[in-house]
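Asker: As they're listed, the protein sequences go chains A and B. Per the working numbering, the first sequence starts with residue 18, numbered consecutively. Per the working numbering, the second sequence starts with residue 147, numbered consecutively.
Calculated from the structure, these hints are not laboratory results. Quick reminder that beta carbons are idealized off the backbone N, C-alpha and C, glycines included. A portion of the hints provided could be inaccurate.
To spell it out: a stretch of chain A is covered by chain B in this simulated footprint if at least three of its residues, at any positions, have a beta carbon under 8 Å from a beta carbon of chain B; those stretches are [to be verified]:
#1 53-61
#2 65-78
#3 102-112
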Amino acid sequence: DAGVTQSPTHLIKTRGQQVTLRCSPKSGHDTVSWYQQALGQGPQFIFQYYEEEERQRGNFPDRFSGHQFPNYSSELNVNALLLGDSALYLCASSFNVPTGYSYGYTFGSGTRLTVV
Amino acid sequence: RKEVEQDPGPFNVPEGATVAFNCTYSNSASQSFFWYRQDCRKEPKLLMSVYSSGNEDGRFTAQLNRASQYISLLIRDSKLSDSATYLCVVNGGLTGGGNKLTFGTGTQLKVEL
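The following block holds chain B by itself, in its conformation from the complex:
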């Protein structure tokens, strides 16, 4: 079983639509959680951190359910510029110190006119 699992998509949605991505992780000792965005042939960039209380940044809302080991990202009022791959990322921590980000395979979003 992969440590972080995501539906690879692609999700093709019309501009203005609401789209939701989900992710599950296997390491119950994971301590911090993130969504990263990656544009084609570019490096990943942090979109937002994810907290159990839920957090919102403009049109983006992220939620963490530790009991179910489940992370979600909701994008409202999709824009063409939202087209990218969204990576679910978990920090499991490392024995002996340090931090290791574990990435899902990413979910591809295509927003269309």
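Next up, chain A with everything else stripped away, as it sits in the complex:
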């Protein structure tokens, strides 16, 4: 039973470029959330996708966008990269459960993005 798969594992980009990160959720999971983790910080919520729509969004600029496909996989796009976007980007999948319950989150191993 495959867990959450993220690609690529590492990426180096130049300021101003655009990047697309990919996530395949755990089998049976239908909800995907993206997090950004800067060095020495806890993960920060970017947004969550369910039924191919962005359901909720954290405090991130519009340069961050995403998509969910009918097979529940998801992409995170970041435009006009800044040095401060360098971080570990984590994808977490889960079942769609009632609000307030978040058991069953499974994290992927992340994509480490370096912007130079």
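With the hints as your guide, set chain B onto chain A.
Answerer: Just chain B, lined up with the frame of chain A:
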């Protein structure tokens, strides 16, 4: 004020010691609570859920005080393999459905011989 606050540490303890981590959260509407463990350059992994009645899993005990908005984790008989960052996590729920995990910055634990 951060939504979830933790002492970043590091906590350096000898093997066999008992160590306690604390965490406070600001959103009184938060509905579920967790401790996650994160090893260096790896993804967070669920260690345990936290309930008001307190819960124990082997050497680990977690406690929630809703009135004080305070969460704790106790590790007894520390092992070298317990060395990691421990993340306090709160699920505040989201208006309109869905769930959002809010993480603290993490507390780093180093268990030494």
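Asker: Hint by hint, where does the structure go against what was stated? Just the numbers, ascending.
Answerer: none
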